[in-house]
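Enquirer: Add chain R to chain P, keeping to what the hints say.
Chains P and R, in that order, give the protein sequences.
Counting with the UniProt record's numbering, you get residues 1 to 962 for the letters of the first sequence.
Counting with the UniProt record's numbering, you get residues 1 to 299 for the letters of the second sequence.
These aren't lab readings, by the way, just hints derived from the structure by calculation.
Treat the hints with care, since some could be wrong.
Far from chain P, some chain R residues (derived; all Cβ distances over 10 Å) [as the list claims (entries may be wrong)]:
#1 Gly30
#2 Lys57
#3 Asp123
#4 Thr136
#5 Ser193
#6 Glu248
#7 Val258
#8 Phe266
Some chain P residues close to chain R (C-beta under 10 Å, calculated; not the full set) [said to hold, decoys possible]:
#9 Pro634
#10 Glu637
#11 Ile646
#12 Leu647
#13 Lys649
#14 Tyr657
Dumping the calculated PhoX-like pairs for lysine-lysine here, alpha-carbon to alpha-carbon at most 25 Å [what the hints assert, rightly or not]:
#15 Lys649(P) <-> Lys97(R)
#16 Lys348(P) <-> Lys249(P)
#17 Lys15(R) <-> Lys38(R)
#18 Lys649(P) <-> Lys156(R)
#19 Lys223(R) <-> Lys298(R)
#20 Lys9(R) <-> Lys74(R)
#21 Lys660(P) <-> Lys156(R)
#22 Lys9(R) <-> Lys28(R)
#23 Lys97(R) <-> Lys28(R)
#24 Lys649(P) <-> Lys74(R)
#25 Lys74(R) <-> Lys15(R)
#26 Lys281(R) <-> Lys9(R)
#27 Lys28(R) <-> Lys649(P)
#28 Lys38(R) <-> Lys74(R)
#29 Lys97(R) <-> Lys38(R)
All figures in this text were calculated on a predicted structure; none of them were measured in a lab.
Just so it is clear, CB atoms sit at the ideal spot from N, CA and C, and this is done for glycine as well.
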Amino acid sequence: MASDEEDFVFFGTPIEREEDTISRKKKSIAEASGQLRTLAPWKQEVRDEEGRRRFHGAFSGGFSAGYFNTVGSKEGWTPQTFTSSRKKRAEIKQQDLSNFLDDDEKAELEGNSLGTSMQFDTFGFTAAEIARKQSEKEQNERPSAIPGPAPDELVVPATDSIGVRLMLKMGWRRGQSIKSSKSTHYDARREARKAFLAFAGPEDAEAEDAMETAAELPTDDLNRFQKSTPVYVLNPKQDMYGLGYDPFKGAPEFRDNKRSHLPGNRESGHKKSHPKKDGLFSFKPRNVAPGFGIGALEELDAEDEDVYASGYDFEAFVEEVEEPSRLAIEDKKKPSSKQNDGVLPGFKAASNTDYQLERFDPPVVPKDFVPHHKFPTTLSVNQKLTEAPPPEVPPPVDNNLKVLIEGVATLVARCGTLFEELSREKNQSNPLFNFLNGGDGNDYYKRKLWEARQKHGDKTKPLLNEKVAPNAQKMSAETRGNILGEKPLNRTTKELKPVAPATDNVNLQFHLSDTFTEPALFVEPTEIAKPFQHDPAKQERFEQYLKEKYRGGLRTIDAGGSSKMSEAARARERLEFDTAAEAITQGKWGKESQLSSQQILGASTGLGLQFTSGGSEMNGVSQTEEVTTKSMFPKREEFQWRPAPILCKRFDLIDPYMGKPPPPPRSRSKLDSLIFMPDYVKAATDDKNTFSNISSPQVDENRRTNVLDAEDKVEVENVEVENVERPVDLYKAIFSDDSDDEDENINTDQPEDPTKKIEVANTALSRLMAGDFLESLGKELGLEVPPDQPYNPPEAIKKPTVQDIPQKHEPIDNDAHKNVSRQNTKELKETTFKRDEGSSDDEKSRKRSKRDYGSTGDSSDGYRDRYSSSRHKGRKKETKAKRDKSSSDDEKSRKRSKRDYDSASDSSDGYRDRHSSSRRKGRKKEHRKHSKHRHHESSSRSRHSADKEYPDSKSERRKRRD
Amino acid sequence: MSGDDLPTKEANVLKGHEGAVLTARFNKDGNYCLSGGKDRTIRLWNPHRGIHIKTYKSHGREVRDVHVTPDNSKICSCGGDRQVFYWDVSTGRVIRKFRGHDSEVNAVKFNEYASVVVSAGYDRSLRAWDCRSHSTEPIQIIDTFLDSVMSVCLTKTEIIAGSVDGTVRTFDIRMGRELSDDLGQPVNCISLSNDGNCVLASCLDSTLRLLDRTTGELLQEYKGHTCKSFKMDCCLTNSDAHVVGGSEDGQLFFWDLVDASVVSSFRAHSSVVTSVSYHPKDNCMITASVDGSVRVWKA
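With the rest of the complex left out, here is chain P (with noise of 0.2 Å):
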């Protein structure tokens, strides 16, 4: 260190200067000083007198002056944006001497340049004067033979001609024409005033023209040296044609006329005060009032327009009607501008002009016009309702029969009678249909058409029926041939497949009524299904939610109509319907609605009148027009929304979402978290209902007992199960967890018919295990496996009574088999555990699903996916039929949904009445694909996956023992 301190190295002396009173001069100055003792010189750095540092050294900045090390400006070098080259050739930029200059060297330049551009030195003057100046500049300074300063005029460089400055000298001004009119023009203009004013009698009307005429002349005077410098002006556009447009093309014999008229050859254009009569049409528009259209032939000057914009000409006109003998006087006074002769040889000019005004008076409208709009509804319905109604006629014995007619009925109500023909051709040689030609039930039939009419009369209109007639030809052209040829009992239940006049009727119905005074605000009427057609009630209160939700309406009718429902029904109601007007939104609601079809049937006797008729409605919807015009808004939506856990706590509030995972994005949030939940839990009750012989349709207030209807027999039947589950672990290992999705699977290809029960596959699919493979491995570990029995399915659309179950299981003594009724029940217990607590948390069944989803996801891949495409394939038709875009998310949500149900439905033993042998054999061949997979997942994970199912289902068990 000492070695260091004495190679100090002192700049200057450091002197405290007072009047550096910034702070950070100060430090700066501080600094300095402490540098000088303490550093190095290269670790020494300089600074200016603020303090700042200006040197930065080489590789760090450099000198900084203005911006920071940069050039003049904050962003530096500012690359250039790229452009593509091949568009656009990067053009060479021409640099100039200002490209090189800073802005102080620029206000330099500038400041000495300035100065008049000989280019606009349009008389010579300054030429002349810079001239003289340099000459004189010259003369001074160089030696001269003449001394003495030599006149001007000798040096005055020739920039005007001798013949120019003759001119100047003869009084012409530069910019004047040269052509000297002034004469003879000025003279022949002022004999024509006097003429004028010799008329000028004592007439308003003369008076007015000759003032005008005196107003004429100055403007003129004036203009005349403006405008005579055609060197400037070469053809000014004057006319109010379009660019480029030649009205003279046709006839250009019209075009010396026209140019006579020009303002740029004034001569000419100054005619109309002579007493000129060569013009062609020089009678102008002058007789034409301002603002009638002008003609091709007709040209309207600019100056003529200029001056006589007052509509003085009109009146002028009038007057030459009115006094006919003042005609000739007129004729000579203004012979150019009124009533020009001036006529094209061979033309003649007509004596009287037949332009005359046309007035169109506005039609009458009569005295009795209502401005509204009637519909004629009213009048069909009424027609409809006075038919005389057939006697009521005491339904057949055969239920099946009674069924069909009512089916029928409502469809020949729906579609018209082109569809009862055409039931009626088909079904010729079917006994079935005999009361379509009068056999037994046709009473019985009538009756039902009269009241299905009734019921449908106010929706369907006769013009409707010619249209949806061919509607529902297609239909049953393509849907029912194959199905109704097979088995009439099918044609029950798929007979009401026609869905599309029937929602074609129904949107109808919602346009008419509903959307008819706002129809920018009924944004999607294309598909309204009826979801809750077994519940009337239900079904009304969803329409209402449609109709508040399309038109946003006040919701009180909500409140008031299901004012028996509890709070949480009353909200999970509510997001049904949400779910179930969002499907049909997206137009898939196709499946759903076909749901409980079974039903349909037997609800359609006594469902009530779904609409109120649309004629009365919409008269009040007409009367209330501006009511619910401004009832559009205000709009209520409802969405959801995650409020975030912390702001929950903050609030003091429990967290709806607690312990929910993220939400989805919202368009799809409703969609996964509350579709089809209530579908589900439903089709689970319905199930129960035909497991417990209720034949007759459910509503929701009947679904308590129901359930716990279905639960007793689930007790049974769980008695009954207990002790064969004992010894089969092993099978459970291989079966237990993966038969239900594979069922699932499998029964996912019947999308159309959510009813069907999966009782059969099931059974059928438990023995094709059993066959194939469960064989070989039961002879391994020396269990005794029977031989396959035949198996037939329940042909008959009776339910099957709780006592056939066992009946059922009987034959098949098989532990597999056991194994397969065990999960059943298992299956069962779940979904009605399931519905026990809250049917409708939608999130504990999704949770559920999940789960169901998770465990066979794993282990199930692989032919899931084979499977998705298979049923992706046979669902296009539908689909298409369905005129549905559905995304592909949806669709495997619904899959899902769908799968969640089936294995739901599988558990009730009760009537798979329509399994055709197709179906199953195409079954068989899947599961054999399914074993052979299995072959090959390790049983380890199956086993795990059936363990962790297991224990729940046990434990569910136990709940219910309690």
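Expert: Just chain R now, kept in the frame of chain P:
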């Protein structure tokens, strides 16, 4: 309550702001009031005695809204500087600045426990800020609005906000749902009725609209004033009998709540009445105006 009881007599003029006063708010018990304005200050007054108590300066731009906690210990304010300030009343210091809004903040409110500040911004968002933690990040951003959010109200369980997109949106924290009531007209200011069942929305078509909160039903419309281009407050009287609103011409309007008739209107200010705040108990009201004054009105 007849028209006589309305606070139509000028009791005090609170002068001190330079330039327009944009907001004036009573505190919870109505003994004090706060005002904020273009001069970037927040002022604390005793309106009943007409005394200026304190000035809070920290905002970089105009103060658009201010709210005080029920216990009078903290103030939150917002304004053109895109920040929400969380003040200590007694020291006059800024405890926290919440940055995050992308543009001007129009309105700000404490929740019931003064633990959360909810701010409404021109950036079409509502942001909830936590006063308890030291985080300066918003605990929630609600950005379902389509346009500038002008006004926000809080209940115990809900956040209600009005936006220029014409909606009054209710975010129910307990239910986890959002209700959007589209009024069709830009909403300038919303104000809750004292019973909490209705919300009064001032729309830019010079109409105040009263909505039923449970059904979204339009109950009444109040017209007569001018409100087309300014952010102007409206409120209900503490008895919910009348609706109070300012006008762009400086007038003050009282409507009957039920039949929407103008009960009283008088010229309160020489310029736009930007803010009105009604005393929670007495027949007293403060109004703020572009003319730079805050006036106290009593019956």
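Enquirer: It remains to establish, for every hint, whether it holds in the given structure.
Expert: Status of each hint after checking the structure:
Non-interface call for Gly30(R) relative to chain P: holds, since the shortest CB-CB distance, roughly 25 Å, exceeds 10 Å. Listed as outside the interface, Lys57(R) is consistent with that label: its C-beta sits roughly 24 Å from the nearest C-beta of chain P, beyond the 10 Å cut-off. Distance check on Asp123(R): its Cβ is at least 18 Å (rounded) from any Cβ of chain P, clearing the 10 Å threshold; non-interface status holds. Against chain P, the non-interface label of Thr136(R) holds: every CB pair exceeds 10 Å, the least being about 14 Å.
Distance check on Ser193(R): its Cβ is at least 16 Å (rounded) from any Cβ of chain P, clearing the 10 Å threshold; non-interface status holds. No Cβ of chain P approaches the Cβ of Glu248(R) within 10 Å, the least distance being about 23 Å, so the stated non-interface status holds. Its beta-carbon lying about 18 Å from the closest one in chain P, Val258(R) satisfies the requirement of being farther than 10 Å from that chain. No Cβ of chain P comes within 10 Å of the Cβ of Phe266(R); the nearest lies about 30 Å off, and the non-interface call holds.
Annotation: interface hint on Pro634(P) holds; nearest CB of chain R at approximately 4 Å, less than 10 Å. This hint holds: Glu637(P) has a C-beta 5 Å from the nearest C-beta of chain R, less than the 10 Å allowed. A cut of 10 Å between beta carbons decides the hint on Ile646(P): the least distance to chain R is about 5 Å, and the hint holds. Interface restraint check: Leu647(P) against chain R, minimum CB-CB distance 5 Å, threshold 10 Å, status holds.
Annotation: Lys649(P) was flagged as interfacial toward chain R, and the flag holds, the nearest CB pair being 9 Å apart, inside 10 Å. Because the beta carbon of Tyr657(P) sits about 6 Å from the nearest beta carbon in chain R, less than 10 Å, this interface hint is met. At roughly 22 Å between alpha-carbon atoms, Lys649(P) and Lys97(R) fall within 25 Å of each other, so this suggested pair holds. Proposed proximity of Lys348(P) and Lys249(P) is supported: the alpha carbons are some 23 Å apart, at most 25 Å.
A C-alpha spacing of about 14 Å is found between Lys15(R) and Lys38(R), which places the hinted pair at or below 25 Å, so the restraint holds. Annotation: proposed proximity of Lys649(P) to Lys156(R) holds, straight-line Cα distance about 12 Å (limit 25 Å). Note on Lys223(R) and Lys298(R): the hinted pairing holds, with a Cα-Cα distance of about 24 Å set against a maximum of 25 Å. Annotation: proposed proximity of Lys9(R) to Lys74(R) is violated, straight-line Cα distance about 31 Å (limit 25 Å).
Of the pairs offered as hints, the one joining Lys660(P) and Lys156(R) holds, with about 23 Å between alpha carbons and a cut-off of 25 Å not exceeded. Note on Lys9(R) and Lys28(R): the hinted pairing holds, with a Cα-Cα distance of about 23 Å set against a maximum of 25 Å. Proposed proximity of Lys97(R) and Lys28(R) is supported: the alpha carbons are some 23 Å apart, at most 25 Å. Using a Cα cut-off of 25 Å, the hinted pair Lys649(P) and Lys74(R) holds, with the two alpha carbons roughly 20 Å apart.
Distance check on the hinted pair: Lys74(R) and Lys15(R) sit about 23 Å apart at the alpha-carbon level, within 25 Å; holds. Taking the CA atoms of Lys281(R) and Lys9(R), the gap is near 17 Å; set against the 25 Å cutoff, the hint holds. For the given pair, Lys28(R) sits about 23 Å from Lys649(P) by alpha-carbon distance, which is consistent with the 25 Å threshold. Of the pairs offered as hints, the one joining Lys38(R) and Lys74(R) holds, with about 21 Å between alpha carbons and a cut-off of 25 Å not exceeded.
Between Lys97(R) and Lys38(R) the alpha-carbon distance is near 19 Å, which keeps this suggested pair within the 25 Å criterion.
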